[in-house]
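Engineer: The chain contents come next:
There are 2 protein chains.
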Amino acid sequence: MLKDLSPEQVKKYTKSELNVLCDKLRLTIYDTVMQCGGHLASNLGSVESTVALFYVFDFPQDKIVFDVGHQCYAYKLLSGRAENFSTLRQAGGISGFPKRNESEYDCYDTGHAGTSVSAAIGLAKAYALKGEKRNVIAYIGDGSFNNGLVYEALNSLKIFNTNVLIILNDNDMSISPTVGGMHDMLTQIKDKQKAENIRLLESFGLTYMGVKNGNDVEEMVDALTEAKQLMQNGSVLLHIATKKGKGYEFSEEHPTNTHGVPPVGSPKEKEYSEILGETLCELAETNTDMAVVSAAMKEALGLEEFFKKFPERAFDVGICEENASVLCAAMALGGLKTYYAIYSTFLQRAFDEIIHDVCAQDAAVTFCIDRAGISGADGETHQGVFDLSYLSLIPNLAIAVPKDTEELKSFLRFSATYSHPLAIRYPRSGKVLFDSNDTKIELGKWEYLRQHPIANATIIAAGERSLIIAMKISQNLAEKGMKIDVVNARFVKPLDIELLQNLQTEHIVTIEDNVFLGGLGSLINGQLIAMNKPCKIKNFAYRDEFIPQGKVGQLQCEYGVSCTDIENYLLNVYESR
Amino acid sequence: MLKDLSPEQVKKYTKSELNVLCDKLRLTIYDTVMQCGGHLASNLGSVESTVALFYVFDFPQDKIVFDVGHQCYAYKLLSGRAENFSTLRQAGGISGFPKRNESEYDCYDTGHAGTSVSAAIGLAKAYALKGEKRNVIAYIGDGSFNNGLVYEALNSLKIFNTNVLIILNDNDMSISPTVGGMHDMLTQIKDKQKAENIRLLESFGLTYMGVKNGNDVEEMVDALTEAKQLMQNGSVLLHIATKKGKGYEFSEEHPTNTHGVPPVGSPKEKEYSEILGETLCELAETNTDMAVVSAAMKEALGLEEFFKKFPERAFDVGICEENASVLCAAMALGGLKTYYAIYSTFLQRAFDEIIHDVCAQDAAVTFCIDRAGISGADGETHQGVFDLSYLSLIPNLAIAVPKDTEELKSFLRFSATYSHPLAIRYPRSGKVLFDSNDTKIELGKWEYLRQHPIANATIIAAGERSLIIAMKISQNLAEKGMKIDVVNARFVKPLDIELLQNLQTEHIVTIEDNVFLGGLGSLINGQLIAMNKPCKIKNFAYRDEFIPQGKVGQLQCEYGVSCTDIENYLLNVYESR
Chain A
1 MLKDLSPEQV
11 KKYTKSELNV
21 LCDKLRLTIY
31 DTVMQCGGHL
41 ASNLGSVEST
51 VALFYVFDFP
61 QDKIVFDVGH
71 QCYAYKLLSG
81 RAENFSTLRQ
91 AGGISGFPKR
101 NESEYDCYDT
111 GHAGTSVSAA
121 IGLAKAYALK
131 GEKRNVIAYI
141 GDGSFNNGLV
151 YEALNSLKIF
161 NTNVLIILND
171 NDMSISPTVG
181 GMHDMLTQIK
191 DKQKAENIRL
201 LESFGLTYMG
211 VKNGNDVEEM
221 VDALTEAKQL
231 MQNGSVLLHI
241 ATKKGKGYEF
251 SEEHPTNTHG
261 VPPVGSPKEK
271 EYSEILGETL
281 CELAETNTDM
291 AVVSAAMKEA
301 LGLEEFFKKF
311 PERAFDVGIC
321 EENASVLCAA
331 MALGGLKTYY
341 AIYSTFLQRA
351 FDEIIHDVCA
361 QDAAVTFCID
371 RAGISGADGE
381 THQGVFDLSY
391 LSLIPNLAIA
401 VPKDTEELKS
411 FLRFSATYSH
421 PLAIRYPRSG
431 KVLFDSNDTK
441 IELGKWEYLR
451 QHPIANATII
461 AAGERSLIIA
471 MKISQNLAEK
481 GMKIDVVNAR
491 FVKPLDIELL
501 QNLQTEHIVT
511 IEDNVFLGGL
521 GSLINGQLIA
531 MNKPCKIKNF
541 AYRDEFIPQG
551 KVGQLQCEYG
561 VSCTDIENYL
571 LNVYESR
Chain B
1 MLKDLSPEQV
11 KKYTKSELNV
21 LCDKLRLTIY
31 DTVMQCGGHL
41 ASNLGSVEST
51 VALFYVFDFP
61 QDKIVFDVGH
71 QCYAYKLLSG
81 RAENFSTLRQ
91 AGGISGFPKR
101 NESEYDCYDT
111 GHAGTSVSAA
121 IGLAKAYALK
131 GEKRNVIAYI
141 GDGSFNNGLV
151 YEALNSLKIF
161 NTNVLIILND
171 NDMSISPTVG
181 GMHDMLTQIK
191 DKQKAENIRL
201 LESFGLTYMG
211 VKNGNDVEEM
221 VDALTEAKQL
231 MQNGSVLLHI
241 ATKKGKGYEF
251 SEEHPTNTHG
261 VPPVGSPKEK
271 EYSEILGETL
281 CELAETNTDM
291 AVVSAAMKEA
301 LGLEEFFKKF
311 PERAFDVGIC
321 EENASVLCAA
331 MALGGLKTYY
341 AIYSTFLQRA
351 FDEIIHDVCA
361 QDAAVTFCID
371 RAGISGADGE
381 THQGVFDLSY
391 LSLIPNLAIA
401 VPKDTEELKS
411 FLRFSATYSH
421 PLAIRYPRSG
431 KVLFDSNDTK
441 IELGKWEYLR
451 QHPIANATII
461 AAGERSLIIA
471 MKISQNLAEK
481 GMKIDVVNAR
491 FVKPLDIELL
501 QNLQTEHIVT
511 IEDNVFLGGL
521 GSLINGQLIA
531 MNKPCKIKNF
541 AYRDEFIPQG
551 KVGQLQCEYG
561 VSCTDIENYL
571 LNVYESR
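Sequence order for the protein chains is A and B.
Note that this note's numbering gives residue 20 to position 20 of the first sequence, counting from 1, and the numbers run on in steps of one.
Note that this note's numbering gives residue 447 to position 447 of the second sequence, counting from 1, and the numbers run on in steps of one.
Isolated chain A (complex conformation) (with noise of 0.2 Å):
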């Protein structure tokens, strides 16, 4: 059984045995994450060389750094997380990522791209200034490695005067296929080891070494062995080629769609991005001006069919969110209109791009802000609840939070005529259409979306999640005779200053799905204490923390953001008058 197999077990197997550990590895993954969901194929390509690793290397002594973390299910099982491995991506369960507070086993936290090298980097120069003995390793897919941190990281090398082991795990994949120049020259030394390419890696200070077949056990343990020798006089580039997907038919086959994948059963819910690519595909038809970039996630935003007709519009730069981001800056001041698709979390890279690149220079580009508020399963490093709070302090940006999929289309269609910067913020998947009077978007202006002649309080909130609540809540409390007002807060920014003015209750309660530093409810009372107004405010959202791995509705309930908290707010209230 995996559960009782010790690291120290895995070094005396006979290769043989190694062959055996893999397929049970494979299977227990395959398992797992049709009943958890999780990262599969990429997972699945990792098996070999992982168990390789552990026969070859001795773990927590030598270190090792998984970029993103994508490919660290194997180590997991191998390193004393077995029996706990069905709770994966539960809350209170087993991270789909590395996670310092898991195990000892791992050293450095990972979620987002390129960070493996300069990680290695810097743990390698302090266990040599603290004299400790320890081979620390890189692990990192190609489609990492095309992000620029990883080519800063690489140029730092010889600064650092450290060694370290550089496993370039080459899948031709990013989430989707992978792009761009640094791509094209892996897969001619893969092909036909180049040695001028190779050369390359050697200005870097790297011994370059290739393995054919990074799914072979023993093809690997050998590579590594070697590895492991040379790393003591300098470091060393392992560039093993695998299958993405590897043993699983149907996920070698589609090595895109089988990246990640939700637990089998899972319902089918309507979600932004088809709206998204839906709505942009529309819009090119009209307008020949316009062009979408996305940074290697074009499947997940929505924007396969995009992709595909409009081929000449449609830019995929990899996993470049810097790149993307002057990219579409500079092609908006070329003259068209640019639209930036992707996640909430994967955005923080190009912060200092969209306020200099963009917004300084009041280019007319629209982020399209997938997986926005609570994301769930991956856990802190794929929170989108950030974004209100990092954006919000931009000058020029418009923020929009749409209540729901049809209003995003809205937005869309509403971004088409406005030439400023502009950032739609929405949740992965739709749960309901509101009603709704007032379908027109104007820049800065509010909704209701239930409004009395007299409430005792207005819950003002952005996006479905928080207005599921709020048109809740004032159903609930209907029933208890009060009358509580539901204002739609679809632009965050700028806030609707007339709608605020007029308020009439005495009490307002803000709802946002983010953290409550500098989102909505900070925005808000900033507004109402300028504008001298007296009333009285409760912010409900997420507190300053790191949120862990969650259902939705589970976080909001211990983050005290749910119905019921909120409820019990203006219960009390109304009560205590």
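Rather than coming from a laboratory, the hints here were simulated on the basis of the structure.
Since we're looking at a predicted model, the values are computed, not measured.
There's no promise every hint is true.
[As the list claims (entries may be wrong)] Between beta-carbon pairs, the in silico distance windows are:
#1 A:Asp565 <-> B:Gly335: 33 to 43 Å
#2 B:Lys130 <-> A:Tyr30: 48 to 58 Å
#3 A:Pro494 <-> B:Asp565: 52 to 62 Å
#4 B:Val552 <-> A:Glu498: 34 to 44 Å
Even glycine gets a Cβ: it sits at the ideal position worked out from N, Cα and C.
Go by the hints and put chain B onto chain A.
Structural biologist: Same frame as chain A, but now just chain B:
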């Protein structure tokens, strides 16, 4: 005269006339910088190549993006801005950086490193899609070429399938000497034209051309003429070797010291950077497990001495702000106390890594953030007015704002015992030392600089500039019978909840050297609302705009955060009671 010279006339010059023109430009640049301050050495080095560009290309029909913008003075002088050039870096005058709102010759605003190649690709693609025939050029120094964003851009050249000319102005310098593997590779190309290194660039889809002396205008004209031909069929990298500071002996010999220079006769003020350097050296004497990282700015940050004294624990990684952040996090997790010294505006680049690598992992990294608040003559792209906002939204991060250079020392000593993420932000120069009875730093504790038994109002201010204003107001209004308490909010996060809770005054005024949104005032508003504390609050901070170049005092007046504005507000409140 330069001011009567049109771009068309340059094209008619003989080669010897071009040389005369270069001398004229050089002299004007030198004289103006001595008068106004500015970037000297880099602008002296780029004169000949700029003249040659005007000779060969047709601006503004053709377009050029200057990376960072430290090389654009000659370009400005040749594109109709000679007459006003004496207003360089003054309020309302010519900017030291490319600015679209200044001239149709400027097509893309820059200020931070590494954006030029992405921008050129984006512009070229937009023009191509719109059927406009223009040549697009990126002009970039070897220092910027280290930045990961450039690598991402090169990597996407093939994806965009459009032609640009990249002029790599290689003078072996960033602000500090250029470092790292890429620089070594470029040097090998320069020195030996090593074929394998050139082929790397070709794998990105670039045709390589080299110019041995980029300060020879005739050689540059010939090379650019050829490059212009070549770029009709594909992208070109023109690698030119130049001398930073060219033509001014002292600058050639001291390119770092003459990178950015103040106007002649500027008063010498004590700088926070000096205190940083001294104190870090002091700490490093007793703590061997300590390291310092800089991103190509060690001199300006006051770290020259530290790098000399502790070379094995001091790392300059080049213009790679993200890499520096991850390296600090990893070294901290590996057991070192790490310090990352950087300008406020440049830290924006590492936003995602501050969140995930440093703060989510609760790593013992101290950010020493120089040039915070209004930085002055460099304008929009260099104002450090966003850091309180984008840092305060990050969990686990404490933010300290010393009131004077002495308190910076105290904070650094405090940091040595603090094992979590900490940001310390301060402006360039220290003007005063405040009297203080409470020099002991305690996390989240503020101090009163002036306190009355019963006060009319309390000013809560962070940082030297704001506290100077606060103290002056307190003194001025005392003469009018008002008692104004002054609190030094030395931690912007966590706030001093106890002090806020115990505040007795009805009026609270906040002052900060930051934008309002997400800054100190906003944090205090949120806290007071959460505590349900009845009081009148007025926030003074920079409004939601990009702030142009100007002197600190000028901008304070213009943006309503001057002593007069705040004093008048308080007087009004007092008189209307």
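Engineer: The structure should be examined with respect to each hint, and the outcome stated for every one.
Structural biologist: Outcome of the hint check:
1. A:Asp565 <-> B:Gly335: 33 to 43 Å: 41 Å, holds
2. B:Lys130 <-> A:Tyr30: 48 to 58 Å: 49 Å, holds
3. A:Pro494 <-> B:Asp565: 52 to 62 Å: 24 Å, violated
4. B:Val552 <-> A:Glu498: 34 to 44 Å: 35 Å, holds
Figure legend: structure checked against the earlier numbered hints; the only hint not met is number 3.
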